[in-house]
Each structure stands twice: as structure tokens, then as C-alpha cells.
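Residue numbers (the numbering used here), protein chains in the order written: chain A, 1 to 583; chain B, 584 to 1166.
Be aware that one or more of the hints could be misleading.
[As the list claims (entries may be wrong)] In silico DSBU-like pairs for lysine-lysine, Cα to Cα no more than 35 Å straight-line:
no., chain 1, residue 1, chain 2, residue 2
1, B, K721, B, K600
2, A, K494, B, K681
3, A, K493, B, K1077
4, B, K842, A, K138
5, A, K158, B, K831
6, B, K1077, A, K158
7, A, K573, B, K1077
Think of the hints as simulated: they come from the structure by calculation, not from any bench.
Residues per chain, in single letters:
2 protein chains.
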Amino acid sequence: MYRTNHCGELNIQDIGKEVSLCGWIQRSRDLGGMTFVDLRDRYGITQLVFNMETHPALCEEIRGLGREFVIQVQGKVAERSNKNSKMSTGDIEINAEKVEILNPSKTPPFTIEDQSDGGEELRMKYRYLDLRRNILRKNIELRYLVSRETRNYLDAQKFMEIETPVLIKSTPEGARDFVVPSRMNPGEFYALPQSPQTFKQLLMVAGFDKYFQLVKCFRDEDLRADRQPEFTQIDCEMSFVTQEDILKTFEGLAVHLFKNVKKIEMGSFPRMSYADAMKYYGNDKPDIRFDMKFVDLKEVSKGKSFKVFDDAESVLAICVKGCAEYTRKQLDELTDFVKRPQLGASGMVYARVNMDGSIKSSVDKFYDENDLKIWAEKCDAQNGDLILILAGKDSTCRKALSELRLEMGMRLGLRKSDVFAPLWVTDFPLLEFNEEGNRWHAMHHPFTSPNIEDIPLLDSNPGAVRAIAYDMVINGVEVGGGSIRIHNKELQKKMLKILGFSDEDASAQFGFLMNAFEYGAPPHGGLALGFDRLCALIGEADNIRDFIAFPKNNSGRDMMIDAPSSISLEQLKELGIELKKNE
Amino acid sequence: MYRTNHCGELNIQDIGKEVSLCGWIQRSRDLGGMTFVDLRDRYGITQLVFNMETHPALCEEIRGLGREFVIQVQGKVAERSNKNSKMSTGDIEINAEKVEILNPSKTPPFTIEDQSDGGEELRMKYRYLDLRRNILRKNIELRYLVSRETRNYLDAQKFMEIETPVLIKSTPEGARDFVVPSRMNPGEFYALPQSPQTFKQLLMVAGFDKYFQLVKCFRDEDLRADRQPEFTQIDCEMSFVTQEDILKTFEGLAVHLFKNVKKIEMGSFPRMSYADAMKYYGNDKPDIRFDMKFVDLKEVSKGKSFKVFDDAESVLAICVKGCAEYTRKQLDELTDFVKRPQLGASGMVYARVNMDGSIKSSVDKFYDENDLKIWAEKCDAQNGDLILILAGKDSTCRKALSELRLEMGMRLGLRKSDVFAPLWVTDFPLLEFNEEGNRWHAMHHPFTSPNIEDIPLLDSNPGAVRAIAYDMVINGVEVGGGSIRIHNKELQKKMLKILGFSDEDASAQFGFLMNAFEYGAPPHGGLALGFDRLCALIGEADNIRDFIAFPKNNSGRDMMIDAPSSISLEQLKELGIELKKNE
Chain A
1 MYRTNHCGEL
11 NIQDIGKEVS
21 LCGWIQRSRD
31 LGGMTFVDLR
41 DRYGITQLVF
51 NMETHPALCE
61 EIRGLGREFV
71 IQVQGKVAER
81 SNKNSKMSTG
91 DIEINAEKVE
101 ILNPSKTPPF
111 TIEDQSDGGE
121 ELRMKYRYLD
131 LRRNILRKNI
141 ELRYLVSRET
151 RNYLDAQKFM
161 EIETPVLIKS
171 TPEGARDFVV
181 PSRMNPGEFY
191 ALPQSPQTFK
201 QLLMVAGFDK
211 YFQLVKCFRD
221 EDLRADRQPE
231 FTQIDCEMSF
241 VTQEDILKTF
251 EGLAVHLFKN
261 VKKIEMGSFP
271 RMSYADAMKY
281 YGNDKPDIRF
291 DMKFVDLKEV
301 SKGKSFKVFD
311 DAESVLAICV
321 KGCAEYTRKQ
331 LDELTDFVKR
341 PQLGASGMVY
351 ARVNMDGSIK
361 SSVDKFYDEN
371 DLKIWAEKCD
381 AQNGDLILIL
391 AGKDSTCRKA
401 LSELRLEMGM
411 RLGLRKSDVF
421 APLWVTDFPL
431 LEFNEEGNRW
441 HAMHHPFTSP
451 NIEDIPLLDS
461 NPGAVRAIAY
471 DMVINGVEVG
481 GGSIRIHNKE
491 LQKKMLKILG
501 FSDEDASAQF
511 GFLMNAFEYG
521 APPHGGLALG
531 FDRLCALIGE
541 ADNIRDFIAF
551 PKNNSGRDMM
561 IDAPSSISLE
571 QLKELGIELK
581 KNE
Chain B
584 MYRTNHCGEL
594 NIQDIGKEVS
604 LCGWIQRSRD
614 LGGMTFVDLR
624 DRYGITQLVF
634 NMETHPALCE
644 EIRGLGREFV
654 IQVQGKVAER
664 SNKNSKMSTG
674 DIEINAEKVE
684 ILNPSKTPPF
694 TIEDQSDGGE
704 ELRMKYRYLD
714 LRRNILRKNI
724 ELRYLVSRET
734 RNYLDAQKFM
744 EIETPVLIKS
754 TPEGARDFVV
764 PSRMNPGEFY
774 ALPQSPQTFK
784 QLLMVAGFDK
794 YFQLVKCFRD
804 EDLRADRQPE
814 FTQIDCEMSF
824 VTQEDILKTF
834 EGLAVHLFKN
844 VKKIEMGSFP
854 RMSYADAMKY
864 YGNDKPDIRF
874 DMKFVDLKEV
884 SKGKSFKVFD
894 DAESVLAICV
904 KGCAEYTRKQ
914 LDELTDFVKR
924 PQLGASGMVY
934 ARVNMDGSIK
944 SSVDKFYDEN
954 DLKIWAEKCD
964 AQNGDLILIL
974 AGKDSTCRKA
984 LSELRLEMGM
994 RLGLRKSDVF
1004 APLWVTDFPL
1014 LEFNEEGNRW
1024 HAMHHPFTSP
1034 NIEDIPLLDS
1044 NPGAVRAIAY
1054 DMVINGVEVG
1064 GGSIRIHNKE
1074 LQKKMLKILG
1084 FSDEDASAQF
1094 GFLMNAFEYG
1104 APPHGGLALG
1114 FDRLCALIGE
1124 ADNIRDFIAF
1134 PKNNSGRDMM
1144 IDAPSSISLE
1154 QLKELGIELK
1164 KNE
């Protein structure tokens, strides 16, 4: 036995006990007659005392050991004269009597502290050292806690976790599929799942009623900062349910998680239609930690010879509380912000509602004080507020104003990471038109049920058909989404046809699912939550990599093990493939 | 809302309630004035009654519906006149008042009953229907229960579940790796893990202390009946532990699982060295539900001019209780059994200890009654017992006798699937010599620590070095195994050298791990249990496919979705690979 206790548990009750501890040397302070060592393990830190007078050799030995050495120490628990109330073990220390070096350590390439001096590349290469840092260890612990509480909640709700296969079938639609050559079936490939969608639906057909899985999914795509080629989902599906049943169940999950992991009581989730989200926030995942809704000034601004507004499809404003004093420079910054190519607004108009009630705008040439008063009223602007206005093509205008709103929320400190504002966004459109491909795409996925009332519109006006689809949004982050699924073969066939599948393709790719629908498929629906993202959100952080034990970088590369890498010609040969020659 | 209750919960307390149920029509019995329908869901079966007198139209309608139709029914709970105490809902029935057909069903291609009339191929193609059968549903439920109780136990023991990556690095050693071409890194490949071995060791280096994961692993090899290309492990690792700590912890897990899933109290596990297992059972995973140990007759049989025994490296016997009356035909069968090419014994000798105490053998020409008495004594054979003897090369002889022992155990009904005999097998050899490759192989894996006492033998007599490695064996099934790992860079390097790695290869493949050992790696060890196999064992079945929701067949093919399959030239091109032309 290496240890009697770990480094986070000894306290005043244990005084006098002979103990044995193991851990890493976090730091060591030599005070002449005494040397103090902080011994660290996953559970905490315990102070060791080496006494030069009583144990001179031991004391000498310990002085020779550097940070991150792994030692085993035996000694007696004693009360500290100098207590540290911030530590669970802060009342005691160990008078060391014997030490064994279990493994020495070279000097780490960066400091194992909350604020490390290592750059991200270096830390990813030495991930096993980076993970020793408190902040990362706590993230991984939080991730485990979230997974555990997710399972506890869903188990109590009678969900069963069922594993679906990782080696599945590639589909031509799956342009972002990772594929896996099969040695036993030369020339053939498996694909890694982008989600277990069809399998969970088949589990419903099989009668499992309530399924969940914390499951790895895979997507081979250019990685944005917050994406990983492999990611984890909380994947769920239920039978004999309406949208209402699903929203209640998973609102319950979120409430349970925040309560049990964060000790935060969340109220019930407000709901907002997709149409309203776009109308008031220009965004299908609004951050409702703060208000600052869009106000439509089109009607009240027209006919005053201001061509920019008159010609614009939309004239939209937000009212920023207490910012009437913004300087010219600040306003110019905001104008530059919305004019960036990725937002593409052509300019920004402002109106200051001064403390004396007077209003001053950048378009005073066209609008007199009375006109501006009407704007202020529509915007519910008080003295001291700043009105920011964008005009132009509706979609551009909403997108840019949405970003401007988030920027202002940030500047005003309205987006606190420890405040959580959840929301269901519902009634998404079923389809969106892809100009490039000149065809309809499924906004959620091809298995999503249209709103039953809207089915007649599938032929006449597909763009107007609402889906029974919903997203869970927290603090402007899309935590997950789902839908009620189609469970009727004919409707599924029609849907695939609208999406441009030939009967042949539809049958080759989804024949097994459509056939399954003919053998008593129950009505069903579900959702999937992005687990990595959810953990980062609960952990009040932005970077999901910090919540993954061994993440890949933005090129999809594991810096530590150096993967992907080349493989031998022999391996390629056995798999029946070869690398494409450069042409 | 589709339903007020599920089909497994209504009982005598609920009489008079208006309820709504959903499910599948399991069967329907038309008794003229009444039609009885068994409505099935995951939770149970509830009897519906349709009354021709009071609801003639409804009754007509229900008579038109076939098996596996999905319906929603409303009605009132009533007490049954004809109670069925075998069913949880057997005291009540529902007087149906309204029915809605949620989805019709074609006639399934096989019957959804415990004994189905469908062959395995057909049932795998329609897996979603096969999974509706009670027996498979219960297997999947049991699998979930085992996973849940595994997590509960390990959580209580302070283990944390941490996800390790699925897209890792291929190694030349990994001849059975599945590989995944990377679109973003053309010409480079990820590999799917055969186990998370190096990652869990790095988690120990990172200080996580106790790690577990229920994790998918992958192996691209010819599939035996009980192997799958993707399989699930309960993977664990601990720091600052001896073998004893690990055995206790996971013996505790097994005890917990059998208690909570099977309501079986398992005692503590006996332990047996690898050497004893081979000596007494000819097998490193002995089935100790029954005794029938090997008895060495070499010494007592020599010098009697029976050349077969005199020339043999080993002469080994088992004593089969109460089988002295075996007929000539039965004995010939057993002889044929051991002479099969895969066992390769050259023949079998027997000796019957008759009820009158006389002994009759097939080698009476060479051994007189006194000689045979000595055999019987050594074998502890009583009147009525049968002694079976094999002779020849030691390894062949042990292997064949081990199989014969299992066969006799089977014939005598000593291998009951509801009796569980667990065992730790310890002290495995570290290395085994591979004649073909003319080099040493790691018996467990290259990261296994040699027994510290035996380290000096690494150079002089590698074959004699014992590993600190152990297997959990239950009923002759290797449920899992593990080892204490090497945590010292130099020892790891030496080990890899013995295994034939050049310094360069060792560093290219395992450099990250050996480097990690230089930064304060704690002593650590762990084990992995085969989850699919464990579930089958607990479920008292042989076929692991029956415990996997969507298994692959023996060619690694998913019959339902038809994977693997060919992919498009466009996909291949994007991945920078092409199919090898036939030469």
C-alpha cells in the first residue's frame, strides 16, 4: 500500500495519526531550520514539514528535490501554528519522518500554475502536464460531474443508455464523413457517424421508448476555433411524445444540471418562435441575458428625403441604455465594427437622447427634433440613452445589428458568464433555400417532421412550412436542438424528394429507415445537446478545448501524439488503397 | 400527450380510471362478443377489451388490425374476471372506448416471439424488429443496467470517467488498426484505438489518480464468432497502487454487479498463479465451477514397456466422477474429440474404476491391477469413476486435456450458466517467444511491469520473467485483465528493445509516453474488462451479438444498413486516396 490518505482529506480530527501520503511536489520553501513542502494530488494539497534539527539528512534530501518530483512521505499529522483557512487541509501539516522518491521529474517546460507561462502549442504538446494545472483539472472534473448528473437524471426519467455503432455507412450526403477502409471487405468503407440519428430512430421503431447516449460523433470539416473533429453529444430520443413532452423533459435536464453542478436554480425556460427571434434579435440563438430588442423604424423614418433609409428594405434600431455620452471616437469604432466585411453594413446612424431630453442625431439634416422624439418613443429611450440604427437589406441589417447588440451588451457588462439565461427557440422553418445549389436544404435534418398544419404548403410554398423543431439556447449559445421526426414512409419519401434525392438514392441511403417505418413505427422525436459546449458554458468559459482531456488543434491535429500521421505502404496495401499521386 | 400510462404499470389500484395507452398489438383474440388485444410496449403488456355489444364499430375496426400495428387506445381500467398472476398488469384490463391507429404495420418477416421463426441473417437485416423480441429487449436492458451499476460503483470509489480520443495515431505494431484518412492532412491517417492504453497512462501522469471509461475500441481482424470489429471495454487505471489494490477494487466491482444486477452474492475470488492454472487445468482461464484437476501420471506410469507413455513428455489424467459405465461408443467419441486436428492428441487411454473396486483400462496389456490402483489413488478416483489419460508433448497434451475436461464438465451438467465461479489468475509470464517471428512478444502488452524481483532475469532468461499482470476469469471466460505498468523511462526503453523495437521506432511510436515518464510519472496500473462478454456472461448466454443493439456479422458487416460499402470517386479524391488497381 502506497498511502493511507490522499492529499485533500486530513484535518484537525487526524492530529497525531501516523500517515503515508503520495503526490507531487508543488513547491518547497526552505526556511533554514525548516523546509516546507506543498504535496499535491488530485484531491488537494497537504503541507509537509521537514525539520533540520530532528531529521537533518531527510531535510537535506528533500531540499535536493525539484518541482513535480513524485514522492511518498511518512509522518505524523500535527496542528499548524499558522493555519490557512482557504485550504481544506489548512489546519494541519505532516511532520515528515521518511521520504521515498517514487519518480524524479525534469523541470517542466512551463509552470504548473493557474497562470502558466506556456503558450497553447507547447501546452498541447505536453498535455499531460497542462492537465495538472488546477484550472484544467477542475474543468475535466466538471465535465465528469455533468456527465454523471446527466445520466442520473435521464435514468430517473426511465431513459436507457444504448450504444449505437461507430462503424456505419457513408452517404453521398455525408460530404463531411470520416471514412474507414475495411480490410475484410476490400474497396469498401465504413463511415464514422456525424450523429446516431437513424439508429436512435430505429431504436424507437424497436420499441425502446426512451433512449439516450453520451456519444462521440465525428465531422471532417475545416475547424473553427470552437469545433473538434470528434465531439460528444448527449443524444436522446423518445416515443409517443409531442414537442411539449420533449421540451419539458430536457428543460428538466438543464435545470437538474445547473442545480446539481452549479447550485443555481433556473426558472422555467421562456420560449420564442424563430420568427420572433429573428425579428427582435436578428439571430436564431438570442442572448437574452439583456434586453436591447430591435425596434423597427422603417415606417417612422420614411419620406424625409433621407435616401439611405427610404431605399432600405429595413431600418432597425437598438436602444443602448446610458450611453448618450459616447464620444465621436467610440461611435466611429462602432461604425467600423458593423462595416467589417463579415457583417457588411454600409454605415451606422445614431441618436443621442441627452440628459436634458434633447436629442441629437447623425442625421439631423433630415430629421427634426420631433421626428427624433418619435424614434425615441418607439425605442423606449430615456434621457441618457443612445439609439443605434442600421439600414439596408433586411438580412444584412439584422445580422450586423445582432452583432452590434452583442458588442454593446459586452461593453456594458450585461453578458456575465455566471448569469444563465436559457430559452427555447421553436417553429423553425423546415427548409431553407440554398442559392448556390439552387435547391432546398433541410434546416434541421431530413427526418424532421413538418408542422402538421403546414403539410399542404409542402408543394405550393415549401419555404413557409414550419418544422416541429426546437433549439435550446443559453446565453446566446445553441446548446442543442431537436425535432419531432417523420414516422410515415410516404411523408419521408416526399421530404427526400423535395431535398433533391432521386427515388433510387433515397432508397439506397435511407431504405432501411423507410422500410422500418412500414412495420409499426411509433410517433417519436428527440434532441441532441452538444456536450463539450454545454460543459464550457457551465464552466463559464469559451474554449471547449479546455474541457476535453486530449483535444485536437485547429488543424485537427493531436499535438501530443502527433496524429494524423503517414502509415506504411504495407498497411495501405492490405487495405487495398494507395495514396493519390500528384497530378 | 399521447398516453397517461405505459403498458406495464396499471393494476388493481387503478380500477375505474380513464386512461390512454400506446403500444403495439402483440396479439388479438376474437371471441365473438368480445375481442381481446394484448397491447405491448417496453414496460409490459396490458389487455384491452373491445365489446361488440357496446362498441360494435370500434370492435369491427380493431378486428381489422394486424400484429405490430401501433395504436393509441382510450378506455377505463376494469378488474379482470380471469386474472393472470404472471403479469404485473394481470389483475386488470382496459375497456376500450376509442382507438387511433398511429401507424399500420406490414406483416413482419418473422414472428416477434421469444422463439422466432426467423434465421439469424434475416433477423439481423430487420434488427429493429428482432429487438422487439422479449429476449433481446431484456438483454439490452441488462446491458444498460450493468453499465449503470459499473458507473455507480466506480463513482463511489472516486473514479472519474474521462473520455479519451477516438482519432489517434497508427503504429506499425498496430497491424490490426482501423485507419481513417484525414481530409485536412492529405496522405495522413488517424487510427481508431484498439484500447485507450497510452492515454489512460498519460491521465495518471497528469494526476487524475483514478480513471475509468466505458469505451468503444476497434480491431480490424478476422472475426471469430465471439468478436466484433467494434467492442466496448470497461477501462480503468489507478495511481499509487499495488496489484493488491487493483484486485480488491475490481473484485469489488464484480461483486457489486452480480449483487445489484443478478441478486447473487459472490464470495471473495480465489487466486491462482498462471503456473498453477496451466498445471491443473492446462489453461490460463480455467472454469472452476467444477474440479476435475489434472493429475500427473508420468512417474507412476513409466517403465512398464508402454512406449506411448514412456516416450511422452507428459502423461496427464482427469478423473470423471461416476462415468465408469461409459460405453465403448462413448469412449470412442471422446477419443475422436481429442484427436480433432485443432486439439491434436494422438489418442486417449482410459481406466474404469468399477463399482466393485476392480479397475479396467485400455492398456491392461502393460499395467496390472496394482499399477492401476496407484493411478486411481493419485487421481482420488472412487468406485464408479472414469479416468481419462492423454500423453504426448506437454503443450499439446494440456490443451487437449483442458478441452476434454470442459467437454466432460458439460456432459455432466457441471457448467451451469446460473452458477458463477470467479477467479484471479496472476503471475503471468512477461514475455512469450514467437517461433515464427523468432522474437519475444509481450504477453499482456509492452507497458506491463515485470515483477521487480525478476528484473535481473530480463537479460539472462527473459522467458522466466513474471509480469505483474492478472486476469479476471469467470466460468472459464476471460472477463478482463490488466497489469501494473512500467513508469520509468529506462525500463520502458529496455522493454521495447527486448520486443525488437529500434530506438528510433520506440521513440517515434511511444516517445510521448516515455517523455511523459520523465516528468514525475506516478506508479500506476489498471485493467480493462470486456463489457460485451461480461454482459453475455451475466445474461447467461454465449453469443455477445445478442447483447449489442446493432452488431455486425462475422464478416464485419452491418446487415441492416449494409455497411461497409463503396464510396464515391469524389469522396476518394477529396481524401487523397484511390483504390488499388488489380495487378
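- [ ] May I ask which of the numbered hints given earlier this structure violates, with the numbers listed in increasing order?
- [x] Those not satisfied are hints 3 and 6.
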